[in-house]
Every structure is written in C-alpha cells, then in structure tokens.
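Same order as they appear, the protein sequences are chains X and H.
As numbered in our numbering, residues 5 to 301 make up the first sequence, in order.
As numbered in our numbering, residues 1166 to 1440 make up the second sequence, in order.
FYI, nobody ran anything at the bench for these hints, they're computed from the structure.
Virtual Cβ for every residue (Gly too), placed ideally from N, Cα, C.
Honestly, I wouldn't trust all of these hints.
Examples of chain X residues lying across from chain H (beta carbon under 8 Å, computed) [claimed, not checked]:
| no. | residue |
| --- | --- |
| 1 | Ala98 |
| 2 | Gln100 |
| 3 | Tyr112 |
| 4 | Leu121 |
| 5 | Leu141 |
| 6 | Asp198 |
| 7 | Asn204 |
| 8 | Asn208 |
| 9 | Gly275 |
Below, computed lysine-lysine pairings styled on BS3-like, alpha-carbon distance capped at 27 Å [to be verified]:
| no. | chain 1 | residue 1 | chain 2 | residue 2 |
| --- | --- | --- | --- | --- |
| 10 | H | Lys1350 | H | Lys1228 |
| 11 | H | Lys1215 | X | Lys8 |
| 12 | X | Lys65 | X | Lys54 |
| 13 | H | Lys1357 | H | Lys1269 |
| 14 | X | Lys102 | H | Lys1357 |
| 15 | X | Lys6 | H | Lys1269 |
| 16 | X | Lys6 | H | Lys1357 |
| 17 | X | Lys65 | X | Lys48 |
| 18 | H | Lys1269 | X | Lys207 |
| 19 | X | Lys8 | H | Lys1269 |
| 20 | X | Lys102 | X | Lys207 |
| 21 | X | Lys6 | H | Lys1350 |
| 22 | H | Lys1174 | X | Lys102 |
| 23 | X | Lys65 | X | Lys49 |
| 24 | H | Lys1172 | X | Lys207 |
| 25 | X | Lys207 | H | Lys1228 |
| 26 | X | Lys142 | H | Lys1357 |
| 27 | H | Lys1168 | X | Lys102 |
| 28 | H | Lys1228 | H | Lys1215 |
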Amino acid sequence: MKIKWYNLLLFISPAFILYTIFVIYPFISSIYLSFFSWVGVGAKKYVGLKNFYDTLFGSFKEEFFNALWHNIYFFIVVSIVEVSLGFIVALGLATQIKGYHIFRSIIYIPNVISMVLVGFIWGLILNPQIGLINQILKAIGLGHFAKAWLGDPNFAFNTIIAVNIWRHLGFYVLVMLAAIINIQPDFIEAAYIDGANNWNVIKNIIIPLTIPTAQTLILLLFIWSFSVFELIYALEGVQAGPFRSTDVLGTLFYRTAFGGLGSARMDLGLGAAIVTLMFLIILPVSFLYIRLVERRR
Amino acid sequence: MLKLGTKSKVIVFSLFTIYSIIIIVPFLNIVMNSFKSLSEIFLTPFSLPKQLRWENYVEAWTKANLGVGYLNSFFISVFSVIGILIISSMMAYILSRYRFPFRKILYLYVIAGLAFPARLAIIPIFIMLRDVGLLNSRLGLILLYMGTGVPFSVFLLKNFLDDVPIELEESAQIDGASPWTIFRKIDLPLIKPALVVVAIVNFVSVWNDFFFPLILISDRSKETIPLAVSVFYGEYAHQWHLLSTALWLAVVPVMIIYSIMSREFISGMTQGAIK
C-alpha cells in the first residue's frame, strides 16, 4: 500500500524517537564516555585509552578478569544445565503425563517472580543457622552437609547458579516443549510403526529437530549472562562477597559507576569502559542472534 | 507423542511431583514464616504456626512502605504498557503494511535492541534523565520502559501482522480510508491476540524490574515494590517474620494474576525469545 511521507513519519516517530533516546543513544554515549574520566559532575577529562588500559592491564586488571571469568563460568554451567535439563523435563511433559497442564503451570511460576525477590526468598532459605536447607539436612541426619552456602567462597557462586536455575528452568522447559510439540506427529507415528522405540525416536527425530531451538537459546543465554546482577545483589550485596568470589561484571560495573563502599575507584568513565568491553564481547553473538531472528521470517 | 509403559509413567509422574515440590516449598516457607513469631521460626521451623499472627502483615505492610510501592508499581506498569502498545503497534503497522525506502534498515535498527541488554547502557540513561530533571521520577521510568519495550513489541506485532492478509485494507484504501482509519478500524482489532501477549510480557517485566528503579529512584515516595522490599530487607535483616511477610505480600499479586492467566503468560513469555 502507499502512504504519504508525513503520515509515515507520524506513525513511526514516537517509537523511533523513544527507542533511539533510551536504547541506541545510551550505547553510543557509553562508548564515547569510556574515553573520559568523570565523576558525573563538573568537566569531563579526556584520558584516551587509559580506562581500557587500567581495566585490561593496569590496576583494575585483577578485579575485571575475576568478574569476567565468573560471567563466563556462569554462562557455561547455566547453558549446559538449563538447556539439557530443560530438554529432558520437556520430554517428560511431552509424554502427555497426567496433570500435564498443572505441572506446566507450576514449573513456570518462578519466572513470573521478580528476580530480586527470588534472591531474598532464597537468602532466607539458605541462611546457615535457621534456613530451611540446613534445617532439613539436620532433620534427616545429614547435618554434616549443612554449611554456610552463601558465606563460603568455595560454594557461594555455585549456590547462586543453583538459585538461578531454580528461577529460570521453567522457561527453558517450555521453549523446548514448544519445539517438541511443533514436530509433525506423523513423523513420530511413522517411526513407531516401523518399530522404533522411544530412544530411537528421541535420538533420530526429536533431538535433531530441536537443536536449532537449543542453539538460539544458547545465543540468548550468552547475551543474558552478561546482565546478571539482581541475584548477586540480593544474596551477596554489591561487594559480591565472600572476598569477591561471586563478583560479576554487573556488580563490578555498579560499584565503579555508582559507588558503594569498597569500590576501588568511582568513575563513570571507568564504568563506561567496562560496559564497552562487555558490549564488544557480546557483539558477535548479538549479530548472530539478529541474523537468526530476521531470517526466520 | 512419546509413549510410555505404566511403570515409566509412574516414575515420570513422581519426578514431576518432586520438581513441583521444589518449586512450591520456598513460597510455602515464607507463607508459614509470615504467620509465626520470630522465636517460633527459630524453634519450630517445620511446624505450622501456633496461631495466625496477622499483626505481622500490618507491621510489614507499613514498615516496608508497601502501599506506596504498590501504587507506584501499578501506575508505572500500567502507563508503560499502554504507551508501549500504542507506539509499537503504530510502528509495526507501518513496517508490515507499507513499502518505503529504508524499510528493511528501520526494521533491523529496531530489532537490534533484542540483542543488547538495555541495562548495560545505564550510565548515559542516568545522566540524561538527571539533566532533564526526570531522575527520581515515575514519568522518567515510564518513558524509559516505553523505549526499551519497543524492540520486542514491534517485532512480535509486525510478525503477527505479516501473517494477516492485506486485501481488506487495500480495498479500504481504494474506498478512500486514511491510514489512520485503516489502522484503527481494521488492524488494531485484527492484532488483538498479539496485543494481549505484548501487554502481559511488558507488564510482568516492568512490574518485576529492580535494576532501573535501584539506580534511578532514591525518593522513598517513588519506589516500586521490588525496591521497597529491598530497602526493607536492608533495614530489618534479622526480623525474619517481617521479611517473610513483606516478601509474600510482594509476590502474591503476581501469583494471583498468573494463576488466572497462566496460559496467556506461558505463550507470551516463550514467544518473547523464540519465535
């Protein structure tokens, strides 16, 4: 159809302007800011690549790579567990078990609860003295397994990952379930008629046909892994204790840009440099994802 | 679908029962705690509350500033969602129905936002809102959520519209209907199911958001529910009965809405990422 240009502008400009102001411009401006030293007020001081040098090679190096490693570790563990477990649970649902609709609804509940509230709820449950987990362990005679889940640097980060899986698994289950349900039932029927057993059907039909979905999920998980923040904030605070053992780029960035006791240095420019580096890391994956999304049509 | 014998069915059913218990127990735990006294939580963690201490609810509600939090969360979520629905459907309509130069580039420009978490760009957002006096402002948050809600909403609405035949609109145009009339009288009613999905997904993500209010709101009269609870959490770290009550009160409205509309939620949220 045809439309006059001023009508066209009238229709697209509200969304275009707000999106540009609040999404596109801030990204570009972050990159620009990363070349300055600035506390937020007064004059910006141009420092060239100093923020990047400090972050990657200088005084900030250890903190940065510690946090970056946690993000990568988080991505690896979470993508393996959530995608594979999500697939397995989805298979279970796809057997059309009794209570299918109820289980499906229950599984998704944690996803509709605010992440920070999930963190607080689990903070109570994981409390070493009176939290439910240790109480249960003691009650069933496994008291020696009781520990300070969030206070022990060896366990804290994995505990947080476990809480994250509790919160998100339902989403992956339902996405995988949708992929499984989308498979032509005739395919599977025909295979059964030819004498295939469940394992054959899963291996030769379901897995190959759900792999594209799993790949998309992993791309998204990579992008999302770099915005982890709420759970650490709720369970360990912005100091990401014990001893920074749960620090991620999100919390490091928060301390650098918005202060908080114990930040090595509060500087919006340095914070912007961290963000720019995160941006560069996810950029290739983002391009892949956009291509996938756009091609699907 | 997959076929199972009776024995495997029982096993699968039991596994799902266990999984469901793991999901429900944390909520059950805070509900129980919310009716107990502090000493009861310490001494008899597993037993039912001796009496229902409704005074916990009164105390938690006032101390956690939940009335204000609810009002703000509701106000911000509703206006953000209305705003998103209006601006996104207008853009999606143009992208789907008209051919013009740069159309493809405009579409790519918008869906690029799907692949970059907006929170990474918080520093300039903070400075910008501060400089125009919209820091600590509900309007500031609403505009921000409208802007960040655009990519997903336009993407979903445009794709939905692409599957709807265009003939009716073409004949309406020949009859002299303006683009605005066609949009309002033909397209909006057609894409209603997609608008519902967009509304739900955006409502939940705005209602639950903690990151933006944490950084942009410091005035207690402007705080949203997650922020109100987090401030309370910091101040009353050892008052477990009150913490549990506040958490439960913060969680329960979403749970109620979800239990009524779980089907719409599920289809909406899963379509969000993968379509």
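Against the earlier hints, flag every one the structure doesn't satisfy and list their numbers going up.
When the structure is compared with the hints, numbers 5, 6, 7, 8, 10, 11, 14, 18, 25 and 26 turn out to be violated.
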